[in-house]
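Enquirer: Go ahead and model the full structure; you've got the sequences and the hints to work with.
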Amino acid sequence: MAHLTAAVDVLVVEDDPQMGVMLKRGLLAEGYAVTLLADGVRALIHADDQRPQIAVLDVMLPGMSGFELCRRLREMDPAIRVLMLTARDDVDDRVHGLDAGADDYLVKPFEFRELAARLRALQRRDAGSVPVRLTVGGVTLDSVKRDTEVDGQALHLSPKEFALLLALMARAGATVTRDEILGDVWGTTSHADPNLVDQYVSYLRRKLNHAHARIAIRNERGIGFRLVAMT
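At position 37 of the sequence shown the residue is numbered 37 (the UniProt record's numbering), and the sequence of numbers has no breaks.
Treat the hints as calculated values from the structure; they're not laboratory data. All clues stand as given, with none of them false.
Here are the simulated DSBU-like pairs of lysine-lysine, each with C-alpha atoms no more than 35 Å apart in a straight line:
1. 160 / 108
2. 160 / 24
3. 145 / 24
4. 24 / 108
5. 145 / 160
6. 108 / 145
7. 160 / 207
8. 207 / 145
Nothing here was measured: the structure is a model prediction, and the numbers come from that model.
Expert: Okay, here's the thing in structure tokens:
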């Protein structure tokens with residue numbers, strides 16, 4: 001059994017009751033916090049409210065296909081990791097899922113230990129790219145627990161605000177271009193309005209100022225934004 005330093009939130013969306021129970025029991029035994037749902041619409045509502053770090057999605061779901069759910073989850077939170085499950089070992093299915101934003105694909109039937117190993121690999125991928133905890137000017141961001149504090153007090157951010165703050169804090173002191181922010185936060189540079197960046201920077205600044213955070217987001221005209229600690 002794996003021992004995780006913090007309970008990672010996993011959303012499992014599987015309409016086969018037997019498979020769903022098996023996945024939930026196995027993941028709980030691995031130390032994850034697990035929510036099991038059976039349809040895509042309810043899963044999307046849950047994800048919007050609870051911000052899971054990992055989603056395990058069956059391709060064939062009532063209400064919304066796993067492909068569409070994956071795409072919507074990725075739009076909602078570009079940092080989420082998605083593992084898709086399918087009963088068909090079909091190249092077109094795998095390509096469709098990866099194009100929708102899936103990080104990995106597993107064909108049924110499979111042994112649970114393989115699924116667990118793939119989830120651990122997804123977590124290592126995150127751990128290798130950004131430190132788990134970032135602190136700048138009294139603002140602390142935990143990229144695993146997905147929470148933020150200002151001088152020890154919780155700061156509640158939307159998924160996009162959190163992803164924006166993560167992008168800026170990970171490069172604190174350096175200018176982050178609008179295209180880099182669009183890629184990190186929205187997962188694209190071609191289908192998102194660049195004005196969204198300015199809009200969400202404004203939202204984030206307002207929350208940081210209200211919390212008396214000792215950091216500032218500087219506008220580098222014509223380029224992007226730079227996060228700095230205030231002295």
